[in-house]
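All chains should be modelled from the sequences, with the hints used to inform the complete structure.
Protein chains: 4
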Amino acid sequence: MLGEKNRAIPKLMKAWVLDGPHELRLTEKAVPEPGPAEVLVRVDAAAICGTDVEVVSIGVPAWVQGGLPFNKNWTPGHEYMGTVAKLGLGVDEYAVGDRVAVEVHAGCGRCERCRMGMYTACLNYGMNYGEHDKGHRANGFTTDGGFAQYAINHVNTLVHVPEEMGDEEATLIVTAGAAMYGLDTLGGLIAGESLVVVGAGPIGLMAVALAKALGADPVILTETRDARLKIGGKLGADYLINVTSDDPVAAVARITGGKGVHYLFESSGNPKVLNQALEMMTRGGRICLAAFPLEPALVDVAKIVRNNLFIYSIRGEGRSATHRAAALMKQKRFNAKLLHTHTFPLQELPMALKYARDRIEDAIKVVIKLREA
Amino acid sequence: MLGEKNRAIPKLMKAWVLDGPHELRLTEKAVPEPGPAEVLVRVDAAAICGTDVEVVSIGVPAWVQGGLPFNKNWTPGHEYMGTVAKLGLGVDEYAVGDRVAVEVHAGCGRCERCRMGMYTACLNYGMNYGEHDKGHRANGFTTDGGFAQYAINHVNTLVHVPEEMGDEEATLIVTAGAAMYGLDTLGGLIAGESLVVVGAGPIGLMAVALAKALGADPVILTETRDARLKIGGKLGADYLINVTSDDPVAAVARITGGKGVHYLFESSGNPKVLNQALEMMTRGGRICLAAFPLEPALVDVAKIVRNNLFIYSIRGEGRSATHRAAALMKQKRFNAKLLHTHTFPLQELPMALKYARDRIEDAIKVVIKLREA
Amino acid sequence: MLGEKNRAIPKLMKAWVLDGPHELRLTEKAVPEPGPAEVLVRVDAAAICGTDVEVVSIGVPAWVQGGLPFNKNWTPGHEYMGTVAKLGLGVDEYAVGDRVAVEVHAGCGRCERCRMGMYTACLNYGMNYGEHDKGHRANGFTTDGGFAQYAINHVNTLVHVPEEMGDEEATLIVTAGAAMYGLDTLGGLIAGESLVVVGAGPIGLMAVALAKALGADPVILTETRDARLKIGGKLGADYLINVTSDDPVAAVARITGGKGVHYLFESSGNPKVLNQALEMMTRGGRICLAAFPLEPALVDVAKIVRNNLFIYSIRGEGRSATHRAAALMKQKRFNAKLLHTHTFPLQELPMALKYARDRIEDAIKVVIKLREA
Amino acid sequence: MLGEKNRAIPKLMKAWVLDGPHELRLTEKAVPEPGPAEVLVRVDAAAICGTDVEVVSIGVPAWVQGGLPFNKNWTPGHEYMGTVAKLGLGVDEYAVGDRVAVEVHAGCGRCERCRMGMYTACLNYGMNYGEHDKGHRANGFTTDGGFAQYAINHVNTLVHVPEEMGDEEATLIVTAGAAMYGLDTLGGLIAGESLVVVGAGPIGLMAVALAKALGADPVILTETRDARLKIGGKLGADYLINVTSDDPVAAVARITGGKGVHYLFESSGNPKVLNQALEMMTRGGRICLAAFPLEPALVDVAKIVRNNLFIYSIRGEGRSATHRAAALMKQKRFNAKLLHTHTFPLQELPMALKYARDRIEDAIKVVIKLREA
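Residue numbers (my numbering), protein chains in the order written: chain V, 18 to 390; chain P, 18 to 390; chain S, 18 to 390; chain U, 18 to 390.
Hint data in this document are derived by calculation from the structure and do not stem from the laboratory.
One should not assume that every hint holds.
One copy or any two copies: either way a pair holds, since identical chains are not told apart in the list.
[As the list claims (entries may be wrong)] Derived DSS-like pairs: lysine-lysine, alpha-carbon spacing no greater than 27 Å straight-line:
hint	residue 1	residue 2
1	Lys-276	Lys-349
2	Lys-247	Lys-276
3	Lys-103	Lys-276
4	Lys-276	Lys-347
5	Lys-320	Lys-349
6	Lys-349	Lys-247
7	Lys-289	Lys-320
8	Lys-289	Lys-103
9	Lys-349	Lys-251
10	Lys-251	Lys-347
11	Lys-347	Lys-247
12	Lys-46	Lys-386
13	Lys-371	Lys-28
14	Lys-103	Lys-320
15	Lys-103	Lys-28
16	Lys-247	Lys-289
17	Lys-31	Lys-46
Source: prediction; values computed, not measured.
The following block contains the structure:
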């Protein structure tokens, strides 16, 4: 570790930049300098999220609207981990040599939402350039991200990685953080309560694992692919429902003896799920929406009211949930490594993206590894 | 008042009963006996709610499903007030002679929801007959209601009426209680926060009045009828938007300088409102649904997530909100009497229902008056 | 199990009754009849709580004040489990033959606190006799308890016992429920957060076990007896502080690097603990008081304010926490059996109480076993 | 107002500085430059808080411990208002010429507490110098304050002043904000609920006014001075208890018919109040501590538990309560001007402090006025 601390920081680094839709280019950039409250992270590994695939296809982060003045040469990637290489002014929360994983959002700290602790709903999202700099940072969305050898992080977007956790697993902390935030938003007291998780993508699978770690019972996973359901089962799901062959509403009724479930976590992005969910819930139940359907869908609003349902939503991982998720992963409460299926070196990012997008060889989490074992 | 206490209770009373759709009949019934935790109320006045109109047209309460074993001879009416005439075993919360108004729901006290205080989401709704008696009572829905000279009430459904408040105004306490519960559900801390109220029915108007009493600013009321908007203005609404001539989404954007509002209370029952609401909210805003649209509608679910919105719903008036509403009415914080437009004697209930249904002479709250002034 | 269901219920049963301080007497009583919402439980096992010891020494339940009209022939005992023998009117939540454990409180369902779900703070505690019957029931405090062959329970005080759980372990569900309620009251989201548990009595030990199950880290247990600390260690406590040899305030400072802990659960009943706790907390930390010190103590109130601390308290097990605790025990998340040290038959209750009171042979939980293995 | 905007900012300004205990000195300083997220405020009026009196007598802010590296030439004063004179980088929440009042705390935005929205419990309080700059700012405590012609403010510490509100009244917004935060912490839903306010200092009086504005009933004010009680009455208190002649515990029992109150707000700093409060509360009641007693006091901890009380505390005004308080003041919901008793020009600050400290001529709020009418 001493070696880590003394490792010289080069002037230049390799980094992927996005010139336009599908125009990723490997280039050299200056290694950036951390400002106050910031840290320079040497990236050791970076996972690919579905949003990265989307960003690369659009040429700009999905959530950024209205042509913000992005600095060109922008580097994507927001699920990374690494080693603290240099500290900005006033930082003592981390030391050079510390292994860290990231969360995406550093709120502006000054809008109504940040002031109430809802920093992932920051009203100044994307306002971090020039005269409009209000301090918000979203790693790999509105700032340079982790598909590079080094990345700048606000201290608010870091979490310690336990010594015994591998780099690949650590890239999944942020994924677990999003699932955790969803469960927290649903109320937190889920021991012995029933939960449906819709969609066995990485966030859905993490929701299964975390819910079981916290005692939810039963946890019902609905999904279209058997391979994914199988992993859900390994992570503890009590019931696996393949919705291509089984009607999920009927399945939930069957499993719960007609009572419906207390909680539902939607991470599939299927626009029809919300209306189906209304049929799955017990009166007074709570739904958390965590994905972005591409199209509107019919919703029987009266059912929401008749069943006294509450519908929450999350934008990524808030309320320091990443820290809670990392704590449970440190305690080895579930095997997050089951989600990691493929590894590529930095120069093969395009191939890694292709694996992630096309789910080649049943890819779930494809990881770019920068540090040699 | 001494006279009240000593007034003899007759054996028989006049009561309206519903035999089938539109088959209301004035009859004589035995005056019922209050059981443990119950009170016999001599009804002094009963207001007509939109739900009463609906119930009479269907022949059975709207929320009751599956043909529950209702006792025939059932009497509707749930927005009433009166004078305590007799106490059941163990009741000392009220005394004979007390003036009381009602709320609808007495939860079973034993299901998961009642145990957490969500008694309007009681899982044993309607389970109050014979072998299935689990103690739930919904006045005028699953028990006999207030279109009669006397009615039984569980103590949980009563609230004291201040001496100086008229009978007609007191029938509106339960309406105010529903609006109050909606505002409470939205978070409660609304001073200086912006609110849209959709629909200027009685509950919507009460939401305007209560929100202004608690300091919300601005309160924007959207509605189709100018006469109703005018009353909303008298109750304190800062902006009155007639949606037949003005686009409510554009109006909210204009009023809030493009920021959107913090809270929205939907009481119109228009199925399109939810999707419109998603366009009116600031990020992290909260919506409360209080009405039952007759048809499903397209909802752009991704907008809920992208804007980190929370959607709540209420079934009537819970969390003792009726008591808070009554307290504010006692303090004369707004003029609820503006909602009371017409009065009829008990025997003219059908005409009163017609006025309420067809909004004859701009009727808002039509009240059946049993006690002579 | 069929045998269980058909087992005949006798007319008479053996039961201990308390005539006065230390005047326990084994007698025969009529087996009681369950009323509406009640169940007759054949008691299979009953644990002894410190409160039972106290009750027997005083001759009346500790919390009962002012000489309520207790029916004589009163039977103590509130930590029991057994088999449902008969159902009262309207009960379908349980079936004859079901194994059940109990929680203490059935709230009146009609006071301000019950209406908000705070049924352990019921304002009608003890009001369950004759004309004052408001429906409150506290098993083994204001009603007959479990040191008998049969006991009546309101359905609200029951929880299912998993098939594979032994009778002795099941008596501890209510103990775990109290600890769980304390953790819930502290906020619930404790994964990765630090916690001090003061006192390794049964509730404190359960707090350790549950907090570790939910991911708290580190959990610091402070206590005077090494034998108890050892069990705390087996239940997962990360740090064991014997306060007879180590200053707990200094120990917490040492362990947390001077930061203090996020949460503290006080179950020792030592009056000095609250003031010590103020020195152990990080700013904005939360304390839960779960025990009843016999004497007042000096408290530096300014420290509460300066450190922005919140102090909560619990009266037994509320908010359905018993169900959450039972769910985690069913999932074998910790070994509650470590708390069970001694077993006696019903007729040896006085000896069992002596073991519990004097902690003979390091007794923790002494259990009365009625059913033969 | 155009004149305001164009008014030239001088290079030098008059400012009071504190050299040591009681060593206040009027001097000239450079007008400071606002940094990013900061605003230069031309101070128009500044009120004197009890804490200012204490700070001046100690020579350093009360809450600052351990000899932080304060810049010498430090200027106290934290209850001020004025006109925005210049904007720092990225500020568009305010414009030059806007009238603003202040709140004290700008949290660091990066510690555990700030991340959850508890910015007044910031763990980096006082860490805003040199290498340790973590962004926390407490106006007039850890930064230069308002007893000067100009002051720098983080945008988080500003709130708009309505046009029709006078300068003197606007200095009281921060006082009202602290009282509001206390009420919010107690739960917020106080309409029709009973409240005791202990101590009729400025914060206590504001608590009375705000609680009545939000519908609390009854509000009982306890205090030692009749003159202060009289003002409490004008602000709406329903019962005025002079504790020098009336026992407050007995008075509360009398007023509430022995039930006790739902809420209590302690702002007297009398160490004995907490224990008295335990006798005044209904079961499940909530206490908020807002003052700093100089000495420890005996507390009967068992009563907290037996009555299931929760004890909260506040450090000044958090959770954006200042904005809610300002909204209610803008709506003229109570007459805050009743608290303003004396006015002095800037050069007479020592005399103003003397009036405030010795309560000369029944002084409550003594205001330094810098702008001529």
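query: Which of the stated hints cannot be reconciled with the structure, identified by number in ascending sequence?
result: 5, 8, 13 and 14
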